[in-house]
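These protein sequences, in sequence, are chains A and B. First residue of the first sequence: 1, per full-length UniProt numbering; consecutive thereafter. First residue of the second sequence: 1, per full-length UniProt numbering; consecutive thereafter.
Worth flagging that the hints you see were computed from the coordinates, not collected in a lab. Owing to the predicted nature of the structure, the values given are computational and were not obtained by experimental measurement. Hints should not be assumed to be uniformly reliable.
Said to hold, decoys possible - Here's a subset of chain A near chain B, in silico, CB distances under 8 Å, partners left out: (1) SER154; (2) VAL414; (3) ALA456; (4) SER490; (5) HIS578.
Glycine residues also receive a C-beta, built at the ideal position from the N, C-alpha and C atoms.
Number of protein chains: 2
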Amino acid sequence: MSYTAPVKDFLFNIEHLARIDEIAKLPGFEDAGLETAQAVLQECARFNEQVVAPLNFEADKAPSRHSGTSVTTSQGFKEAYRQYAEGGWQGLQHPAEEGGQGLPKTIAAACVEMLNSANLSFALCPLLTDGAIEALLTAGSDQLKATYLEKLVSGQWTGTMNLTEPQAGSDLAAVRTRAEPQADGTYKIFGTKIFITYGEHDMAENIVHLVLARVQGAPEGVKGISLFVVPKFMVKGDGSLGERNDVYCVSIEHKLGIKASPTAVLQYGDGTAAMCKNGAGPGAVGYLVGEENRGLEYMFIMMNAARYGVGVQGIAVAERAYQKAVAYAKERVQSRPVDGSTKGAATIIHHPDVRRMLMTMRALTEGCRATASAAAAAYDAAHHDPDPRVRQQNQAFYEFLVPLVKGYGTEMSVEATSLGVQVHGGMGFIEETGAAQYYRDARILPIYEGTTAIQANDLVGRKTARDGGRVAKGVAEQVELTEKRLAGGSADAKAVARHLHAARRAFGDAVDCIDANAKAHPNAAYAGSVPYLMLAGNLVAGWQLGRALLAAEEQLAQGKDAAFMQAKIVTARFYAEHILPRTLALRDAIVDGAGSALALAPDAF
Amino acid sequence: MSYTAPVKDFLFNIEHLARIDEIAKLPGFEDAGLETAQAVLQECARFNEQVVAPLNFEADKAPSRHSGTSVTTSQGFKEAYRQYAEGGWQGLQHPAEEGGQGLPKTIAAACVEMLNSANLSFALCPLLTDGAIEALLTAGSDQLKATYLEKLVSGQWTGTMNLTEPQAGSDLAAVRTRAEPQADGTYKIFGTKIFITYGEHDMAENIVHLVLARVQGAPEGVKGISLFVVPKFMVKGDGSLGERNDVYCVSIEHKLGIKASPTAVLQYGDGTAAMCKNGAGPGAVGYLVGEENRGLEYMFIMMNAARYGVGVQGIAVAERAYQKAVAYAKERVQSRPVDGSTKGAATIIHHPDVRRMLMTMRALTEGCRATASAAAAAYDAAHHDPDPRVRQQNQAFYEFLVPLVKGYGTEMSVEATSLGVQVHGGMGFIEETGAAQYYRDARILPIYEGTTAIQANDLVGRKTARDGGRVAKGVAEQVELTEKRLAGGSADAKAVARHLHAARRAFGDAVDCIDANAKAHPNAAYAGSVPYLMLAGNLVAGWQLGRALLAAEEQLAQGKDAAFMQAKIVTARFYAEHILPRTLALRDAIVDGAGSALALAPDAF
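Could you build the full structure based on these sequences and the hints that come with them?
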């Protein structure tokens, strides 16, 4: 069940795909060169391999427990979280002025992946805290920042995102939780929130809930939603903790996976807190973030950070499943090889289909990691480049990539973890083996923080149709440049170029089709939205691996780390030959298939 | 959680794809026309909907329990099994002379699907009994038949298949369980068998284990394996039960899915049975089936029946997941439609991507069901046609289809049940919803009774390379005939023809590549084996749906059941536009991708 962080692969991407040398030239990142990346990643690897990873399997068997209004997390979580906070890991990518380390996302994203590979359930708590920090940084008043930010950045307190209600899942227009303005400028919050990750736990002394609610008299729909901070414990003027606020965990869910992560139902304002009885009456005390009715906008800041993070979770769990499958394939002896190369039975990694499965897991994981790395570099440039045009270009590129990182990266994790079970054969189906956990854990990833369809709506509507496919076509042009370099290269490079070319053509057809339909035939455009997302995600991963192949060949020519570079070249070619061609099928589904997807009327099902 | 058997779809396939009118002309099937099929399927639907299906969800929550050497099955299983046996369902496809009903597989397969949709865990017990019956019918002595067959066919006793040992999974050459010949012609069996489905339970008074073991002095490898009957309770001369035999269940597995189905570890011959203490000594008493050292051959009889059955399990669980997803999509209200067709939020079935997901589940399920129906018809002709050439042709066609029914049908069930979770959004991840159970249950199907890779080895080696691709090319010729009919038809038919054409071309390339490599470059051929299986399975399902479209258009022209026929046409076209194009990607993986699949040496992973 052990985990070895793929530090070499992270550093390769950081150096050659994200170009850390360029990032280190940006104001604020002067100390964030390759050496910093090496030092941070090595320390992060050590912590996650030794402290966090060993808790994963047992925590799945003995998940968080709910009793009364409290939640006890799995064995070892509290202590590991203490070490996580003490190590300064929560503050890695947050501003130095709030106590963070201000590192580029390019480096921090690798650390997020390691934490999630080590333990997806554990890692969710810091992931949600990151979202709360982002929202406060962007829209919080000075007072809110002063009260909450430093303690969130240090990991002393944790954060949550409270969006979902029983009737309001993907559709936040349906949020009913209400906020009543009080004379002192605070609000009282009433309502029920569900699916609140780490909505209650015992790892930190306070929990800072960021809650979507409707102020009385606000407009209907998403334009009447406001964002509030609701602390579990009230915070006194000196920063110490006061009374228990009127928000309680009434139950946690029994889930398919990520069982150790408590998913809470939170009840706001039913008057059970002691402080309600001193004449104050019921209601959880909340503090408005930013302005009234702009809650959705702020929430999207958290969501976008979280969506990238969830994409990384997909890569993380695929990596862990891959490592486990490789270990088993090298150990399990079964059957003679088909080429008769050994007299008796061999380890199953000698069987061609086992190799194909392992290569598929590897290529999907490395491809999505490469995309995530390129996206992180764009994010860093979008936030730190002195030239506003460069910032804007990078921001547009990053925003195009986020639904791909999230949507494609999580869908592929379901495939990769399923292959991980398959490599184990019958043993994979036995829970004691551990492969099944990754398969169960991964299944939430294409759902939460916006389902794949929600990501695809974003990609079709805001990221493609809105600008007439300009950014999408810009990506295709970039791909074409890489294609040309590959086409003039080695046999491996040429093979990748050929499949990249076909995939880019398929992408072009899809963009044209989506763009043409988005306004005139929205149903047709959106019937192709998920295939379009999968096509784009697949193409970008294949493109980044094409770039990786070129870099690896250069390194190889310089005599650097031959084994690693050769493996990277093989993986890039495998991706091109086995995964990229899926874009051909997706193209047909998008271009030809909208009619048949919608032809059956709802009541004919 | 309710289940409604898709009786109309079964009957459509039975009438138009399997051509029950032709089957009813065969000797022995004179009474097995469409009316018989209707009557049997309606009664079977009633039984499974009302008796078996309601037990499924609770049984997953409270699975079979092991205590001492006994297993208590989930609440209600014993009574449901009693009704199953009393209803004569076990004997449906078995010979009348053994107490069965002698119905064609064409009809019986639909009943098997219903039982498995109702309750996969429950259905495994009869599925294994079917295998035991087949083995005894083919290779059992008259005495063994007289002792066991009638009681297995009536369901009074159940059967098991004992192949796997800790070191012998896919590789049966590694079987170590030993059989010592006794003076009275019986054998004493010693060893440990694992993963024995219903190896112990409380639903029937006796269990008939069919056990692979090695007689002392037998050749090494698969040529030294023999097959034995080992009853849980000894059977006296008058057919009544005698002493407990020396075989005991020592534990059952904690599994990802099919939790209510007990998966036993069986210990043979450790001398704990009372009868061993009367001077007889340890050893489970076993009776040789057929001849010594021909066990694998007989076991394949059971395996082939079981493989088809497991393919049907895939269709069954996909159907159940589809029905649940449709029900949720019609009920759950969330978000305005993208075309603005309603002012407020609509049920999610109005959202294009939800429709696309439901159509994908539907098309995969109906496509694989159509393949299974065509395969069953071939089986019936192979066993009952008076003309030996027709029998032989049908047998070859059936044998080509079995790995597709099993491999493609089960892989698609993982995809379909995963989509079923996705349609439910966050609720899909909560175990109380029930969608997750299908996803967990389905995951064993591509593994047991031979993994997808084992099916693919069979398809490449025995079914394609051995005859130089003759049968495979014969299938392609049949597809081409359907293509031509479609190309001259309606707009829907033409659309299907176009994608079927491309898929058939891809299949042709794959067959040529596999055939060319199988002997000279076996690693290359087998690296493409699973993609080849998926390509062939996809093509055949698309072809059968093409045939279904033509039949549906004819029925429609005759004014018959317009809603059903229109839905069938839409589903066939959806399959052609969304699923068939996957064959293009698989072709590239097979033709271009063998090198990159194998380029990374085992120790470089």
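Hints and how they fare:
no. : hint   : result
1   : SER154 : 31 Å, violated
2   : VAL414 : 6 Å, holds
3   : ALA456 : 7 Å, holds
4   : SER490 : 13 Å, violated
5   : HIS578 : 5 Å, holds
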